[in-house]
Amino acid sequence: MTKNTFYILGTIICLIIAVVSFFTIDALHSHTTYIRNVQDFQKLVHGVGLGATTKPAWGYINFDPRIEPRCTCIEWPIPGGYCYSPDHSGTVSFISDTIETGVLIDILK
Amino acid sequence: MNKHINLLLLAAENLLRHRTKTIVVCLCVIAILSPFITAISISEGIREQSLASVEEGGDLYLTFDEFGRNTSVPLKYLEEIRTIFGVKKAVPRIIGRAYFQNKLVVIVGINKEDIPDSVSCISGRMFENPNEVIIGNELARHFHLRIGDQFSMRGQQRKVFTAAGVFTPDSGIWGASLLFMSFKDAGELFGKPEVATDIQIYSIPGHNSEIATDLYSILMNEPYRLQDKQIIELFVKKGFLLKEGIFTALYVVAFALGIPAILVASGFGLSDRRKEIGIMKATGWNTLEVLELITFEQLLISLLGATIAILLSIFWIRVFNGIFIGQFFIAEITLLPKFTVPSKFLPLPFLLSFFFALLLTMVGSIYSSWRASSVSPVVAMK
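In order, the protein sequence lines correspond to chains A and B. Going by the working numbering, 84 is the number at position 84 of the first sequence; the sequence numbering is gapless. Counting from 1 along the second sequence, just add 109 to a position and that's the residue number in the working numbering.
Check before you lean on any hint, since a few could be wrong.
Said to hold, decoys possible - Among chain A residues calculated to face chain B with C-beta under 10 Å, some are:
hint: 1; residue: Thr11
hint: 2; residue: Val45
hint: 3; residue: Cys73
Stated by the list, open to error - Label-pair ranges, simulated between beta-carbon atoms:
hint: 4; chain 1: A; residue 1: Thr24; chain 2: B; residue 2: Leu184; range: 25 to 31 Å
hint: 5; chain 1: A; residue 1: Ile78; chain 2: B; residue 2: Glu164; range: 17 to 23 Å
hint: 6; chain 1: B; residue 1: Lys212; chain 2: A; residue 2: Gly10; range: 49 to 55 Å
hint: 7; chain 1: A; residue 1: Thr24; chain 2: B; residue 2: Thr322; range: 46 to 52 Å
hint: 8; chain 1: A; residue 1: Tyr82; chain 2: B; residue 2: Lys212; range: 23 to 29 Å
Calculated directly from the structure, the hints in this document are not laboratory data. For each residue, glycine too, the CB sits at the ideal point set by N, CA and C.
Only chain B is shown next, with the shape it has when bound in the complex (with noise of 0.2 Å):
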């Protein structure tokens, strides 16, 4: 037992004894790991959002179909879908995009009472009166706009609005640039009032089979499309891990080609390093000492650029907000993203960055090492 903690003091000592190595070794490591590390953490940060997204949607999402697209859904149907066996609660909304000035927005449409009554993502309040909105915030800060102003916007139709509250930047991305009123006002804008874009339908939970047999004879002769849930939940979840799994993928060949620059860092000095494992063997070191005394050097190494790699990506995303490096990860944000970036740091994505740092800088080592260890100590301190 002495022995080997010997060997890691050791290990320890020749980190600063080759600092020049040590260093390059650890930046290249690195360098390699925290765009990784960033990645999967936004990634998980988004998913964490969009599950929360699919809890809070209805159980049901009903929609009419033309052409194969969503179409929206006419408001006759709305009553005698509520009074099908099951259905709690049918929240219709419209859900369109306009352009504000020469900024794309996302308009949200929903009537008053089916608002919970307090919410906290609000700074201001919600709306009461016609023609009141609430801004999202990368909108409210790009336009300069605060509670109480007016701005006017063209969707079909103008209409002067006046800004009620603003989201919160922790808020969620889909709330940066949107702009959320009431179902009316969103139906004036579009020049659609009697229409949804669709129907949310929460259901009393084992009854969705019903309320869809039900749904299927009121709506018989129109095309529409019901989704649930749980698709939907499946879908995401798979969409997710898809794109994890191919950055993963990715960055397993970015590790590989990463492995030649390791070995050349890893191998910088080392016709010293080839004389002091000669000097090693001839004063009574055997082999297996020696590759423990470079495997102990290469898991401190790999150690400290893991964990530095973690705080670096922790730093930038929690204190930065992911400056510069959100806009390749997060489609249609600014190089200083106006809100939250959402990430969730997670365990596993650190112990495969470590692993991956490791399995690079011993086989960047190992077998020179080996090589250098196996032959006659004179022939190495030559």
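Excised from the complex, chain A in its bound form (with noise of 0.2 Å):
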């Protein structure tokens, strides 16, 4: 084994190594302070908040479909109009408007 081997092969272990470490210390601690915080904060609130995205400047249904569960951008400003807002397609989450509510309509022939 040259040197040169030597340090490509130490090197990448080393990666590797400080790879699987931290997956290891990350899983062991799994933050506690900051997991603690993040549980308080939610009991403090009662459970407040569920979607990627700060605000609901768009509306609730990214930020917490529990205050609103349908996109408002179907009502305004064009009533069926296009649902343009970023907060469904621009972070990592997704909620779609619940359906567990609905109008039962029997269709009369």
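Dock the two chains into a complex; use the hints.
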């Protein structure tokens, strides 16, 4: 094994060890204080926030669909219009309209 | 066994011999993998916070319905709801939004008796007197507010508040632009003192359907909406899985587009490689040994690229708090997020990234190497 080979393989092995160590330490610690603060905050406000947006600027649906489970873009500015809210497509979460309630329609023939 | 180890060592030496090609291919792999790993880690981090939000929320979530939208619940029903068998606790809340100067803020109002005795997510103290509030970290930094400062804001009414405390930066993304106050203060701010936007009902396990039945008899002529924790949890998990799936699908496309780039980069110096392979064949190497050598080279480059990509991603998120990149994945945040960007690094995205990188580099080089090793050594060396 030449010196160069040793350096290359050594670098790769060190990088792999660094990654594995990080995963192990992260899993073990699980950001104790961080998770506790997150849980405390949610306990305090009784659960606020679900989607990947800090403020309900366009609507509540991607902020917290419990507050408003419908995307209001369908109502205004143009009723039935296209939903152009960036919250729907531009973040790492997409919460669709909940369908647990609706109007029962009987079709009369 | 010795032969394979020797091939591995030779592959490592070849990486340094073709230094430029190794660096270019590595950089391509890192550029492709880093955003993918970062997006997945932020998604997992927010999902973890979301599940905490679902967990700490009520088992049943009651709002009224008006024109198909959620509307407020009159407080006159609250005492009756509390007496339903199976209800441990019913917490009315006001959740709204208002402008604080030019910044949209979320207002959350809860009665003091419904707040836990001690929390660790606040620096300062909980509000005790009227008009005291807890401010989100981003708001406090933006407006340079400290504990004890007074400020006024207008909802339906103008009110003057005193900052009793500030949420810590790691209390979650939804606390960043939030004003937390007493239920009474929130009601006065919005000019609606006798209603709540929702009532969180905490129930004894297994009693949800009985509570729902009793609620129906209490609210018989009122249009209302009752959501339970399981439905919400389902939609949250689905929402994140869907987006992670979309990101993964988009990145498969990006990886596929990366193949021509890596092909070019891997074929960089292809004529020299052909001669090298020709010489190897002429000196007794067989095709399988040549391909094994190439495979080891790509394996080492993929390992190098994938590990550097994940370490870069970790560094970017954990040390630099997702500067510049966070805004692509979380809405309504600034270039320099003023709260801790949530992230959770899991082994699976790293393994996926490594295999994608290996696939990319192999596709880019294995065919051309096989062609070079299949022809006569004389032709290859020309």
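Quiz item: Broken hints, numbered, in rising order?
Solution: 3, 4 and 5
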